[in-house]
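Engineer: With these hints in hand, go ahead and build the complete structure from the sequences.
Residue numbers (the working numbering), protein chains in the order written: chain A, 326 to 718; chain B, 326 to 718.
One thing to keep in mind: the hints can contain errors.
Put simply, identical chains are the same to the list, so a pair is met inside one copy or across any two.
Only pairs whose alpha carbons sit at most 30 Å apart, straight line, appear in this in silico BS3-like list of lysine-lysine [what the hints assert, rightly or not]:
#1 K712 - K657
#2 K451 - K497
#3 K497 - K336
#4 K452 - K341
#5 K559 - K704
#6 K534 - K497
Derived from the structure by calculation, the hints contain no laboratory data.
There are 2 protein chains.
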Amino acid sequence: MINFVFYAPTKVIFGKDTESQAGAEIKALGYKKALIHYGGASAMKSGLIDRVVASLDAAGIAHVGLGGVKPNPRLALVREGIALAKREKVDFLLAVGGGSVIDSAKAIAYGITNDGDVWDLYLAKKKAVACAPVGCVLTIAAAGSETSNSSVITNDDGGHKRSYNDDIARPKFAIMNPELTFTLPEYQTMSGAVDILMHTLERYFTNDKQVELIDRMSESLMLTVIENAPKLLKNPRDYDARAEIMWAGSLSHNGLTGTGRTGDFASHQLEHELSGMFDVAHGAGLSAVWGSWARYVYKHDIARFAQFAVRVMGVEMNYFNPEETALRGIEKIENFFRSIKMPVSISELGVKDLTEKQLDEMVEKCSWNGARQIGQFVKLDRTDMRKIYQMAK
Amino acid sequence: MINFVFYAPTKVIFGKDTESQAGAEIKALGYKKALIHYGGASAMKSGLIDRVVASLDAAGIAHVGLGGVKPNPRLALVREGIALAKREKVDFLLAVGGGSVIDSAKAIAYGITNDGDVWDLYLAKKKAVACAPVGCVLTIAAAGSETSNSSVITNDDGGHKRSYNDDIARPKFAIMNPELTFTLPEYQTMSGAVDILMHTLERYFTNDKQVELIDRMSESLMLTVIENAPKLLKNPRDYDARAEIMWAGSLSHNGLTGTGRTGDFASHQLEHELSGMFDVAHGAGLSAVWGSWARYVYKHDIARFAQFAVRVMGVEMNYFNPEETALRGIEKIENFFRSIKMPVSISELGVKDLTEKQLDEMVEKCSWNGARQIGQFVKLDRTDMRKIYQMAK
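Structural biologist: Dropping the structure here:
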């Protein structure tokens with residue numbers, strides 16, 4: 326087992342009606358004025374923002390609001406938030422929404438505590454020296470940003486999507502009420518389920534020596550999502566299924582499944598260019614490329630893919646032909662994606678007739694014009710990336 | 326799934342040579358003077374204390390030492406530590422040892438930040454208002470105190486063993502180098518493995534509705550311990566097996582396996598009286614009573630015991646007779662205990678010829694003279710406790 330640091334200090338407050346605790350939590354932490362950051366009209370219409378505001382008022386926490394965060398959150402709004410937060414002397418960022426809103430709040434939190442342009446962090450030009458405190462009321466089970474150290478922002482100028490990861494941005498608290506996800510559109514629910522699965526899968530395929538405990542815990546997370554997501558197709562108001570998936574979402578991306586091993590994350594990098602350019606849902610983009618990635622790399626470690634097939638996808642082990650077992654595992658997870666109405670190709674994702682020029686552009690962006698390889702399980706260069714995108718068309 | 330709060334803020338620094346980071350971690354947290362708390366001569370002889378001291382010196386952290394913590398740590402030494410820490414104006418408690426040392430350090434940390442007698446906390450007479458910061462260098466995988474909120478202390482005066490749990494006592498950091506456990510006596514290693522298993526088992530048997538994710542994660546933890554403990558009988562210097570068990574120890578008791586459900590902990594309460602009176606190893610005490618507890622209560626939820634038997638102990642499900650499956654699971658874990666040389670009865674634990682008077686005394690202590698019941702899966706009163714002790718003789 327390789328050495329590791331695991332630090333997930335977020336206080337998780339999980340369950341029904343917990344959003345009413347937001348104000349008291351901020352007060353207990355000693356902060357005075359919050360920027361309430363949120364997305365579109367649904368949080369307003371549902372009355373959620375009103376309830377959160379009431380909770381802050383009751384605790385004597387001053388606040389200003391900034392809505393308008395879109396999926397694949399934009400740098401321009403982050404800059405607006407930084408200016409607003411500075412002007413209003415905000416000392417706490419309260420994100421009310423999903424991963425995009427939380428990521429945007431983290432970016433604002435970096436922006437008000439670090440000199441210079443916040444985008445430089447995402448371009449890996451420098452490191453943050455501090456981060457203002459962030460808390461969140463989660464409304465979508467997907468990104469895991471509610472307990473993770475990561476923030477992904479898209480630069481409006483050219484569609485570059487970049488992430489910045491630092492433990493100082495981990496939220497102080499995450500309020501998670503599964504009921505808040507009852508009214509999510511089905512496509513977003515299922516895209517979230519795929520994202521959660523992928524955060525675990527990306528860490529499961531690794532070159533590091535197997536860690537039995539973390540393998541088994543990863544398999545637990547994947548089995549739970551595969552068991553519960555289909556229940557939500559039938560009944561989107563199934564509290565326990567929502568709760569299982571929501572908690573799995575945090576535990577898939579708080580670092581636990583990466584302890585004692587290094588993750589791969591090639592599929593995430595490949596997808597970032599897709600959603601950066603075509604603004605597709607992140608989870609759907611992941612299911613569109615994962616199978617192609619897997620078929621491109623599986624020969625590197627057939628035993629590992631076979632373990633996944635047997636323990637997670639319920640494939641019977643073919644001891645005389647482990648490769649067949651490995652391939653059946655990939656096929657079965659693609660069937661699972663189809664069963665929850667998620668795409669398994671870029672065209673099913675809605676990006677039809679991908680041109681050679683667009684392919685080139687994605688490869689150039691993903692490889693930083695050839696300056697980086699992606700992946701750890703198998704290192705992928707420009708040529709590999711192009712082949713995988715081609716396979717996934 | 327019931328509402329829950331999960332808060333495990335300890336920074337885990339895991340792997341080879343990590344003890345050299347102790348000083349830098351304390352410095353990064355802004356503290357100046359540490360009380361280094363430890364147990365017997367082995368930490369001195371092995372050179373571990375010297376290495377930790379060197380790390381503090383290198384970081385400019387002043388320090389005083391207090392050794393002598395025994396298994397089932399005593400209140401008298403805690404009081405001595407409180408006086409020393411106050412006299413020396415210590416602002417950080419560094420525990421170098423296993424659960425007993427960490428629990429003792431937490432008690433000292435409570436003592437220097439709360440007025441009145443620290444034992445009142447353990448007697449549930451009052452609540453702590455604060456706790457001085459604690460960090461640890463772990464040398465035994467067992468109690469999980471390195472990331473937990475719990476501290477168990479034995480009052481020398483009459484052998485009362487009591488616990489106090491509060492999130493404010495969770496260590497700031499836990500340095501976990503599996504190599505430090507290479508030289509543990511076999512009995513202590515195996516007793517630790519049982520303790521780890523039990524922390525998960527105690528939360529697995531619950532009346533709350535099943536949480537699939539947490540069930541599966543709990544099963545992962547148990548399977549990992551059952552797989553790896555026997556490897557250490559053959560080769561106590563097996564790094565990966567030590568690492569799997571050490572990390573399982575923290576994850577079994579940091580609260581994760583209790584999320585969304587209430588634990589039982591009756592076996593722990595029954596055992597506390599055994600180790601309080603006879604000073605036996607905690608894990609060994611647990612394996613001595615668990616089977617009797619299980620046989621006394623299993624009819625309350627045969628399906629749950631059957632799930633345990635099938636998923637953890639590898640028993641084949643007897644669909645026509647689930648009770649037989651449930652009982653075979655209990656039998657198999659007792660066989661596992663025997664295979665790692667752990668007792669499955671109080672006499673095998675070394676407490677021979679338990680008298681009626683001693684039994685009465687344990688029951689009176691455990692039931693607080695009849696003032697409390699123990700357990701959640703099945704609530705147990707004096708009569709139940711006596712019967713279980715009797716079955717376990």
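Engineer: Can you give the numbers of the hints that this structure goes against, from lowest to highest?
Structural biologist: 5
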